[in-house]
Amino acid sequence: MSQQKKHRILMVSDFFYPNFGGVENHIYYLSQCLIKLGHKVVVMTHAYKNRSGVRYMTCGLKVYYVPWKPFLMQNTLPTFYGTLPIVRTILIREKITLVHGHQAFSTLCHEALMHARTMGYKVVFTDHSLYGFADVGSIHMNKVLQFTLADVTQAICVSHTSKENTVLRSGLPPEKVFVIPNAVDTAMFKPAPERLSSHEIVIVVISRLVYRKGADLLVEVIPEVCSLHPNVRFIIGGDGPKRVRLEEMREKHSLQDRVDMLGAVPHAKVQSVLITGHIFLNSSLTEAFCIAILEAASCGLLTVSTRVGGVPEVLPDEMVVLAEPDPNDMVLAITKAIDLLPQIDPLVMHKRMKKLYSWHDVAKRTEIVYDRALRCSNQNLLERLPRYLTCGAWAGKLFCLVMIIDFLFWRFLQLWKPDREIEVVPDIHLMTKNEDTWDSSADESLN
Amino acid sequence: MESRLSNNTSKTDHKWRKVAYGGMQPGFDDNHTDESFLEDMIMNANVVKRDLVKVVLDSISISQYLCIVALVVLVWAYTLRSTFSEGSLVLLDVILLGAGFFIVLLTSETISLNLLLNYFLKISFFITGLYVLSPIYHTLTRSISSDSIWALTASLIVLHLFLHSYSFSAIKAPGTLESLTFTSNISLNASIVASLLIASRLPSRLHVFAIMLFSLQVFLFAPLVSYCMRKYSFRLHVCFSLVLMSVTLFFVYRLHQLLFILLSSILIFVNLVCPYWLIRIQEYKFEINGPWDEAKLCFNITE
Chain A
1 MSQQKKHRIL
11 MVSDFFYPNF
21 GGVENHIYYL
31 SQCLIKLGHK
41 VVVMTHAYKN
51 RSGVRYMTCG
61 LKVYYVPWKP
71 FLMQNTLPTF
81 YGTLPIVRTI
91 LIREKITLVH
101 GHQAFSTLCH
111 EALMHARTMG
121 YKVVFTDHSL
131 YGFADVGSIH
141 MNKVLQFTLA
151 DVTQAICVSH
161 TSKENTVLRS
171 GLPPEKVFVI
181 PNAVDTAMFK
191 PAPERLSSHE
201 IVIVVISRLV
211 YRKGADLLVE
221 VIPEVCSLHP
231 NVRFIIGGDG
241 PKRVRLEEMR
251 EKHSLQDRVD
261 MLGAVPHAKV
271 QSVLITGHIF
281 LNSSLTEAFC
291 IAILEAASCG
301 LLTVSTRVGG
311 VPEVLPDEMV
321 VLAEPDPNDM
331 VLAITKAIDL
341 LPQIDPLVMH
351 KRMKKLYSWH
361 DVAKRTEIVY
371 DRALRCSNQN
381 LLERLPRYLT
391 CGAWAGKLFC
401 LVMIIDFLFW
411 RFLQLWKPDR
421 EIEVVPDIHL
431 MTKNEDTWDS
441 SADESLN
Chain Z
1 MESRLSNNTS
11 KTDHKWRKVA
21 YGGMQPGFDD
31 NHTDESFLED
41 MIMNANVVKR
51 DLVKVVLDSI
61 SISQYLCIVA
71 LVVLVWAYTL
81 RSTFSEGSLV
91 LLDVILLGAG
101 FFIVLLTSET
111 ISLNLLLNYF
121 LKISFFITGL
131 YVLSPIYHTL
141 TRSISSDSIW
151 ALTASLIVLH
161 LFLHSYSFSA
171 IKAPGTLESL
181 TFTSNISLNA
191 SIVASLLIAS
201 RLPSRLHVFA
211 IMLFSLQVFL
221 FAPLVSYCMR
231 KYSFRLHVCF
241 SLVLMSVTLF
251 FVYRLHQLLF
261 ILLSSILIFV
271 NLVCPYWLIR
281 IQEYKFEING
291 PWDEAKLCFN
301 ITE
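Taken in order, these protein sequences are the chains called A and Z.
Heads up: the first sequence begins at 1 in this note's numbering, then just goes up one per residue.
Heads up: the second sequence begins at 1 in this note's numbering, then just goes up one per residue.
Simulated from the structure, these hints should not be mistaken for laboratory data.
Be a bit skeptical, because a hint or two may be false.
Claimed, not checked - Derived, one-sided and incomplete: chain Z residues facing chain A with beta-carbon distance under 7 Å:
(1) Val19
(2) Gly22
(3) Gly23
(4) Met24
(5) Asp30
(6) Asn31
(7) Leu38
(8) Ile288
(9) Pro291
(10) Trp292
(11) Glu294
(12) Ala295
(13) Leu297
(14) Cys298
(15) Ile301
Ideal Cβ positions, reconstructed from N, Cα and C, are used throughout, including at glycine.
Work the whole structure out from these sequences, hints included.
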């Protein structure tokens, strides 16, 4: 490992701390592990409220919060060329060798990857979500993805289902798409110190209460389970538009003493909620990977989940009970899980999860993808344009035009402000060897 | 998992599994792709095979309504040329009203005296209101030049035809649950404004009343009548439409040859070219479903 060339990676996404979610988590942990492997990692995202400029996080992870206002769901306004100057400056200042973009609906990621390709950098893209092919929104999204991925050096998906989806959406050859799953910080998600009593069985649900997460399924399933099993109690963490429906259901079936609604649970408290339960229930209608299941399994909970998207690949069969997204089937699955419960030892489960998933493993596998991306041959603009032309009769020509203008703009910037005039930042090594846990909130401004 | 570690040397023994857990599978790269790739993809699961004859027959209801509108425009044209007197217009109104009632009564399953009386009362209110308001309509657009009126009317009629809901009637037929959509409302209003504009160019109040009543009868009730007829018997609907088409073409031919060519080419386009086109582009239909699709709930959400 040590004689290998160390990479200097720029992670780009609209989604990063202080926002919370699967993508944010993934970028953070992946960056931390890559730093531990000796690479240099810089993150670029847009400004969050007054968090703008350069900040440092644990282990000297440098984050550029570009002062670019989000306009919808934490996405920046697509401007095509507006971000080129700042992307170019960051790439040169940090002596970046490889750009890694995350999430298909991050506009900042698409723009940065486009500029990086124009400037001749190797780019890697990670897709974290699934998309259908039928509705108007997906069709447009898929076209944008096709544009970005037409010239991406390597792509990463979080599950095999996600890989199939990405290959279909973008037309990439499957050999260029790697499957590297998410992982879980098992040190943070430890099971309860002593086993819970089995007189009362607690089922935990932690998710945003929205349609896509199957909140409507919960409304049907919970009363049914409560009437079948008098010793079952539910704890529901999360908030969202469907919360009212769940509360209505609780009133209607007089389950106030058996269904606890906690409201939104901050990520730091998720573990303490999880360890109060025996069974974790996931009712998502679509899911590329589902980190929530990993966190629950790491806390030693038996998982009951809908069989959607990449969920069946996430856990070995003996750690999860899968059901079709249908209330009757889910009630059956919960019953099966309750019967299985005496054989489950949370501590054994936790130890097994430690073997199955680790961010260090993810980082090592991502490193292989980086190595491979850097081995790919360099291509000039004329060699790359035909790839865009194949994207569609009209779209292909439009994409080519966009790339040519980007190229000209880049050349203009080079004349206006030559590369040598951009100051290069010195590297600071803040990394300490014995750290094994991370505290994501421990960042400090050095700006 | 343990056995995997023990015989790490003979990598070929391991079968690649489509799972995400357990780290990198020994002997296989992360971009490994085998025959199980895309095995759960389903193509064209919900594609309906369409039959040319059925599509042509279905498209007849569009051309039927086109002909009805063309006939209304014809009546307007003849009235503006003073070919029709106000007396004959009123007679036409009465005949149309009677015929419409007759068809609706004949084709509907539930006839009660109460409902009939109700209809009758409403229509008499409607007619009285129209009669009282006709002096206002008569002078409504006096300050506007005739050219603007023709242009506006023509564009409103085109808008009406464009937004009209051809599959349902604009008024709720007895016993149906369809509700009005926004576009069909716009369409109906466009037609009413168009007839108002035309009526305001006429010489006398009785003319205005008669032409307004005629246009409103057709625009409001023709879709209802044709809907009832189609529900009663499809054969009758087709026959009636064919007769209506030939009558319309005949009268349009007598009015203006260019208009005749235009109308007949539109009818051919709607009835023959479009169905053929639809069938032809069916083969380009390509639907992909698979495990990445959002699951559909099998029950209704009652908010």
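Taking the closest Cβ pair, is Gly23 (chain Z) under 7 Å from chain A? 5 Å, holds
Does Val19 (chain Z) pass the interface check with chain A, least Cβ-Cβ distance below 7 Å? At 5 Å from the nearest chain A Cβ, Val19 (chain Z) passes the 7 Å test, so the hint holds.
Leu38 (chain Z) as chain A interface residue, shortest Cβ-Cβ below 7 Å: Holds: closest Cβ of chain A sits about 5 Å from Leu38 (chain Z), inside 7 Å.
Quick check on Ile301 (chain Z) please, does its C-beta sit within 7 Å of some C-beta on chain A? 5 Å, holds
Taking 7 Å as the limit, does the beta-carbon of Pro291 (chain Z) come near enough to a beta-carbon in chain A? Cβ of Pro291 (chain Z) sits 5 Å from chain A, so the hint holds.
Interface hint status, Ala295 (chain Z) versus chain A (Cβ within 7 Å): 4 Å, holds
Holds or violated: is there a CB of chain A closer than 7 Å to the CB of Gly22 (chain Z)? Given a least distance of 5 Å, the restraint on Gly22 (chain Z) holds.
If you take the shortest Cβ to Cβ gap from Trp292 (chain Z) to chain A, is it below 7 Å? 4 Å, holds
When the nearest CB of chain A is found for Glu294 (chain Z), is that gap smaller than 7 Å? 4 Å, holds
Quick one, is the Asp30 (chain Z) hint okay against chain A at 7 Å, beta carbons? 4 Å, holds
Given Leu297 (chain Z) as an interface hint, is the shortest Cβ-Cβ distance to chain A below 7 Å? 6 Å, holds
Mind checking the CB of Ile288 (chain Z) against every CB in chain A and telling me if the closest is under 7 Å? It holds, given that the least Cβ distance between Ile288 (chain Z) and chain A is near 5 Å, below 7 Å.
Violated hints for the displayed structure: none, as all numbered hints are satisfied.
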